[in-house]
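Novice: These protein sequence lines map, in sequence, to chains B and A. Oh and the first sequence: position 181 is 1192 in our numbering, straight run, nothing missing. Oh and the second sequence: position 93 is 390 in our numbering, straight run, nothing missing.
To be clear, the hints were calculated from the coordinates, so they are not data collected in a lab. Beta carbons: idealized from backbone N, C-alpha and C, even for Gly. Do not rely on the hints blindly, as some may be mistaken.
[Stated by the list, open to error] What follows is a list of derived Cβ distance ranges for each label pair:
1) A/S367 - B/T1109: 40 to 50 Å
2) B/L1266 - A/H549: 47 to 57 Å
3) A/N313 - B/S1192: 22 to 32 Å
4) A/S367 - B/F1201: 32 to 42 Å
5) A/T314 - B/K1296: 26 to 36 Å
6) A/G471 - B/G1261: 16 to 26 Å
7) B/L1219 - A/T314: 26 to 36 Å
8) A/G338 - B/K1043: 28 to 38 Å
9) B/Q1070 - A/A531: 47 to 57 Å
10) B/W1303 - A/N540: 41 to 51 Å
11) B/F1229 - A/S367: 26 to 36 Å
12) B/Q1047 - A/A531: 47 to 57 Å
[To be verified] Below, simulated DSS-like cross-link-like pairs (lysine-lysine); rule was C-alpha separation at most 25 Å, straight line:
13) A/K356 - B/K1043
14) B/K1023 - A/K374
15) B/K1015 - A/K435
16) B/K1043 - A/K374
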Amino acid sequence: MENKVPSFLLEKPLPDLFRWRRGRLKVSFLEKGMQQLAHIITTGYLQPNTFVKDGLLQQIDARIKVLFLLFFVVIVSLKKALMPEMIIGTFVFLLTLTSRLNLVVFYKRVLFLGFLFGFLVALPSALNVITPGKVLFPMFHLSRPYRFWIYRVPQEIGLTAEGLHGVAMLTLRVMNSLALSFLVWTTSSFPEIIKGLKVLKVPDGFLLILSLSYQYIFLMARTMEDLHLAQKSRLVGQVSSAQGRSWVVGRIAFLFQKTRWRGDEIFKAMVGRGFSDRIKIYGIKKLNSRDWLAAGAFTAVGVLFLWM
Amino acid sequence: MEDLIRMEGVSYSYYNTIAAVCDVNLAVQEGERFAIMGANGSGKSTLLQLMNGLIHPAKGKYFFRGNEVSEGTLKNKGFLRFFRERVGYVFQDSEVQLFCPTVLDELLYGPLQLEMAEGAALDRAFEVMRMLNIEHLKDRPSYRLSGGEKKMVAVGSVLTMNPEVLLLDEPTSGLDPRTQCFLVELLLELSEAGKTLVIATHDLSLVDEIQARVALLSEDHRLEKIDACQALLADEELLLKVNLIHEHRHFHGQAVHRHRHSHYSRHKH
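In isolation and in its complexed conformation, chain B is listed as follows:
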């Protein structure tokens, strides 16, 4: 083989061609979205190193914490008044504090997801079209009430006291459940959680999918970030929305293909190492007195919350 460098590669750009032009580059919504999604996955959901801290929950066995999570999520769902939900919230806050977690980072996640999946999802149900009751905040006034099939649209549309109570309840439930989940997640290592679930007789197939998905989601996010950087390195100007969409569609197809290939490869590698559909765990420790004490305390507090 012989290299023959084309003549254009011998041309040098003039160094003085550069001038600061007016106008700043706008990053397209799609580009920003992909970048942010990959960033959120790799930073937000990557298990932080907080489970090695010397806090209260970090010293308790993962099996106790998994049981505590399940028990308290049930309690959170059973409560029908705002006050007990708020007291449970305060209890979780105290546990977060004593586990020496970063409160700002912790509650930023809880509030963001609670707002998205609790408040925003439930908000329309506060309208008197869905939840009848006393209108506290009128929003629209129609000329007359309407009937449509089984629905009744009143003359005055607004947020009702009963509806707002329901929204507040659902938001608090979602936030408390999220805070409990994040609390266990951030104070236990992932393999310990899997071990805990295995001991609690969660089916192996489910655990296998869980642990493979957890690892693979970061590989995907990494590939997504690399794809974004590769495009960025060859972009000399702004991308139109149409070009942006076309690129994103192409990359989704590429990721889909890559996922399929990677899935096949992983399965072959697993088979090659003697994979059976059973998860083998090792190093299960006996629960110590601190774990039993914590289990007793959580049960007592849980029963108290149920009684309230």
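Given chain B, work out where chain A should sit, using these hints.
Specialist: Chain A in isolation, oriented as in the chain B frame:
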């Protein structure tokens, strides 16, 4: 010679927790062959990405032809074009770099971005394909290419933009010896043509072959030393310290013994 690339006290960490590059000061001159060497995870690829303005230093400053390259300056349309048309980056994983439907589209992407006329852009693409012996692949989608072919297309897609500086991340990794040899010859010819080459690698023989000036990164992501490759490759203690050579058992004829060993041999005439 003028400093084309200058880094002053550059540090970068992933997710603000995992340190990748710590307090690096270096300068690359125009037309130079420059290698960044270090063990796996020492921060070579991160340093290249910083040089390409794909990520930005958490601390320190980076200058290209005396202009600071930052998130802010790259938002200026004039500077973005100035910078991108002069600095080309060949990724280690060629797969992520190829995002167009066919090889020809891939090679045309850069020139069309630079608003070149279609005819001139096509001329460039075909000239590069002839140079890289990949003309027969022009209508093939990137996922139907072998590893070596992908690497060639990735190099070609950057060359059609005719950058002044070529940043190459592990360019010879995963290639068969013949393709490796072809690529090294190509790099030398590009260097003779006046291109500045910055190569991240842990391949000692590649650095020896292209006789680059070397920046050696330590395993704690700091710059250990910058020196000419001959001086650096002769310093066994240093190479051992940064984990680029090691001691292991191996055969010499029928005799097995153990001593310091690197997997490259100097070229002898």
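Novice: All hints are to be evaluated individually against the structure, with a verdict given for each.
Specialist: Against the structure, the hints come out as follows:
no.: 1; hint: A/S367 - B/T1109: 40 to 50 Å; in the structure: holds, 42 Å
no.: 2; hint: B/L1266 - A/H549: 47 to 57 Å; in the structure: holds, 48 Å
no.: 3; hint: A/N313 - B/S1192: 22 to 32 Å; in the structure: holds, 24 Å
no.: 4; hint: A/S367 - B/F1201: 32 to 42 Å; in the structure: holds, 37 Å
no.: 5; hint: A/T314 - B/K1296: 26 to 36 Å; in the structure: holds, 29 Å
no.: 6; hint: A/G471 - B/G1261: 16 to 26 Å; in the structure: holds, 24 Å
no.: 7; hint: B/L1219 - A/T314: 26 to 36 Å; in the structure: holds, 29 Å
no.: 8; hint: A/G338 - B/K1043: 28 to 38 Å; in the structure: holds, 30 Å
no.: 9; hint: B/Q1070 - A/A531: 47 to 57 Å; in the structure: holds, 54 Å
no.: 10; hint: B/W1303 - A/N540: 41 to 51 Å; in the structure: holds, 47 Å
no.: 11; hint: B/F1229 - A/S367: 26 to 36 Å; in the structure: holds, 28 Å
no.: 12; hint: B/Q1047 - A/A531: 47 to 57 Å; in the structure: holds, 48 Å
no.: 13; hint: A/K356 - B/K1043; in the structure: holds, 24 Å
no.: 14; hint: B/K1023 - A/K374; in the structure: holds, 21 Å
no.: 15; hint: B/K1015 - A/K435; in the structure: holds, 19 Å
no.: 16; hint: B/K1043 - A/K374; in the structure: holds, 18 Å
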